[in-house]
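So the sequence lines, in the order shown, correspond to chains G and L.
For the first sequence, the numbering used here begins at 1 and goes up steadily by one.
For the second sequence, the numbering used here begins at 1001 and goes up steadily by one.
Since the hints were made in silico from the structure, they are not lab data.
Don't take each hint at face value.
[To be verified] Think about it this way: if two alpha-carbon atoms lie no more than 20 Å apart in a straight line, the pair counts; the simulated EDC-like pairs of lysine to aspartate or glutamate are: (1) G:53 <-> L:1096; (2) L:1097 <-> G:14; (3) G:53 <-> G:73; (4) G:70 <-> G:54; (5) L:1097 <-> G:38.
Each chain, letter by letter, is given below.
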Amino acid sequence: DAGITQSPRHKVTETGTPVTLRCHQTENHRYMYWYRQDPGHGLRLIHYSYGVKDTDKGEVSDGYSVSRSKTEDFLLTLESATSSQTSVYFCAISGTGVHEQYFGPGTRLTVT
Amino acid sequence: GESVGLHLPTLSVQEGDNSIINCAYSNSASDYFIWYKQESGKGPQFIIDIRSNMDKRQGQRVTVLLNKTVKHLSLQIAATQPGDSAVYFCAEGNTDKLIFGTGTRLQVFP
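Looking at chain G on its own, in the form it has when it is part of the complex:
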């Protein structure tokens, strides 16, 4: 398996609180992605990064922000969590962009 870890793996939080999810890689890959996975929607891209401090929005970026201060870490922040952000969040990495992304184990987030 590609060297990707996500933390925490599970989290329960209350509506209105900020939440930060961490993705860490040991592959020195250029590209990192955050997706959310919900029943009936498949995987939807939230934000992605194509280098340190270089990020861009995906299709469902509202309510989320990201930061990448070093190659190995990509942080996803829910500025004020809402129940609609209850989901499973996956991080992915790639050395070449859209081709052959490797996924982490996921973080299950529940917003009550």
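Starting from the known structure of chain G, arrange chain L on it as the hints suggest.
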């Protein structure tokens, strides 16, 4: 807008038979088409990809076919095994981003 979809949400096959999972896409400008497998409780796993300038690519027990005329992608799994039971996603994209379909569940019966 761009979209990727699947014809069948669930496919049931007998062990040893061949499986065919289908996918329709809408963006004729997509350059990459990729299949992922996701087992319960795990992240998606890359299976095989194909570029838009190809119409067939083979891997170990898997073959991906691309028909650009009708915007159709398929994944063929030969001699399906119990370990193939999972949800399969197709995805399309260009440069930096992928768009995923909603997935097809493959169930393998003994």
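Checking against the hints above, which ones are violated? 2
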